[in-house]
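Engineer: Here the structure of chain R is known, so what remains is to put chain D in place on it, guided by the hints.
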Amino acid sequence: GAGVSQSPSNKVTEKGKDVELRCDPISGHTALYWYRQSLGQGLEFLIYFQGNSAPDKSGLPSDRFSAERTGGSVSTLTIQRTQQEDSAVYLCASSFSGIYGYTFGSGTRLTVV
Amino acid sequence: QKEVEQDPGPLSVPEGAIVSLNCTYSNSAFQYFMWYRQYSRKGPELLMYTYSSGNKEDGRFTAQVDKSSKYISLFIRDSQPSDSATYLCAMSARAGANSKLTFGKGITLSVRP
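Chains as they are written, first to last, in this note's numbering: chain R, 1 to 113; chain D, 114 to 226.
With the rest of the complex left out, here is chain R:
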């Protein structure tokens, strides 16, 4: 496809369960970012992948959060033992040309009940 694809678009899960969120970046984009958008909190950086370099995990809020990017393409964000405060929209973006070339997906709306 032409854009960044995220799945699922909506996810409702019970507290304590694990969830996996998927991001398909634009083909050829070497940089991939995950951000979290909570109500009234703006976008919060989570993790960044660039080519084969070690990811920048400095934004992950706890060790319950992890992410991987396989083959320099698809990325999966995993949240273990979900908590209610994890409820948010998780946005993925990819870029080929730096900060002006970010393209965001429509996000996964996660609700923890």
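By construction, these hints were calculated from the structure, which means they are not laboratory data. Because the structure is a prediction, the values reported are computed rather than measured. Check the hints yourself; a few may be wrong.
Once the Cα atoms are required to be at most 27 angstroms apart in a straight line, the calculated DSSO-like pairs of lysine-lysine come out as [stated by the list, open to error]: (1) D:K183 / D:K115; (2) R:K15 / D:K155; (3) D:K155 / R:K11; (4) D:K180 / D:K155; (5) D:K115 / R:K57; (6) D:K115 / D:K180; (7) R:K57 / R:K15; (8) D:K183 / R:K17; (9) D:K183 / D:K169; (10) R:K57 / D:K169.
If you only want the chain R side, here are some residues facing chain D, beta carbon under 7 angstroms, derived [to be verified]: (11) L43; (12) A88; (13) L91; (14) F104; (15) G105.
The C-beta atom is built at its ideal place from N, Cα and C for all residues, glycine as well.
Structural biologist: Same frame as chain R, now just chain D:
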């Protein structure tokens, strides 16, 4: 204090009004400034970008940066109902693909017909 502060809104204006959206920041290393527009249930899309201080105009939109005051603005002239969206400011110290954006919380604008 957050690195980037944005007026929380929401903001409601009549069609045709001039809209002024503002952000302040505390990190003097920021040199690259962007405005994103986000429609409901969609990812943010880049609207305007500027480097360092100065003005940039694109159609009905003007972005201003005053680095001495650590203050950026987005002006929308002749506002239209289609401008109704959430507007987020974003900034970065670097422009390369390995640069993270720091976002404001966003302000929701409603333009009444």
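Engineer: For every hint, state whether the structure bears it out.
Structural biologist: We went through each hint and held it up to the structure:
Taken as a hint, the K183 of chain D and K115 of chain D pair is honoured in the structure, with Cα atoms around 13 angstroms apart against an allowance of 27 angstroms. This hinted pair checks out: K15 of chain R and K155 of chain D have alpha carbons roughly 26 angstroms apart, not beyond 27 angstroms. Restraint check for K155 of chain D and K11 of chain R: the C-alpha separation of about 16 angstroms stays at or below 27 angstroms, so the hint holds. With a CA separation close to 31 angstroms, the supplied pair K180 of chain D and K155 of chain D exceeds the 27 angstroms bound.
Proposed proximity of K115 of chain D and K57 of chain R is supported: the alpha carbons are some 20 angstroms apart, at most 27 angstroms. Simply put, K115 of chain D and K180 of chain D have alpha-carbon atoms about 17 angstroms apart, close enough for the 27 angstroms limit, and the pair holds. Among the hinted pairs, K57 of chain R with K15 of chain R is consistent with the structure: their alpha-carbon atoms are about 24 angstroms apart, no more than 27 angstroms. Of the pairs offered as hints, the one joining K183 of chain D and K17 of chain R is violated, with about 43 angstroms between alpha carbons and a cut-off of 27 angstroms exceeded.
Taken as a hint, the K183 of chain D and K169 of chain D pair is honoured in the structure, with Cα atoms around 17 angstroms apart against an allowance of 27 angstroms. A threshold of 27 angstroms between alpha carbons decides the hint, and for K57 of chain R with K169 of chain D the separation of about 34 angstroms lies outside it, so the pair is violated. For L43 of chain R, the interface hint holds, since its Cβ comes within 7 angstroms of a Cβ in chain D; the closest pair sits about 4 angstroms apart. Using the Cβ-Cβ criterion of 7 angstroms, the hint placing A88 of chain R at the interface with chain D is not satisfied: the shortest such distance is roughly 13 angstroms.
Nearest Cβ of chain D to the Cβ of L91 of chain R: about 6 angstroms, under the 7 angstroms cut. The hint holds. Among the interface hints, the one on F104 of chain R holds; its C-beta lies about 3 angstroms from the nearest C-beta in chain D, closer than the 7 angstroms criterion. Against a cut-off of 7 angstroms between C-beta atoms, the interface hint on G105 of chain R holds, since the closest Cβ of chain D lies about 5 angstroms away.
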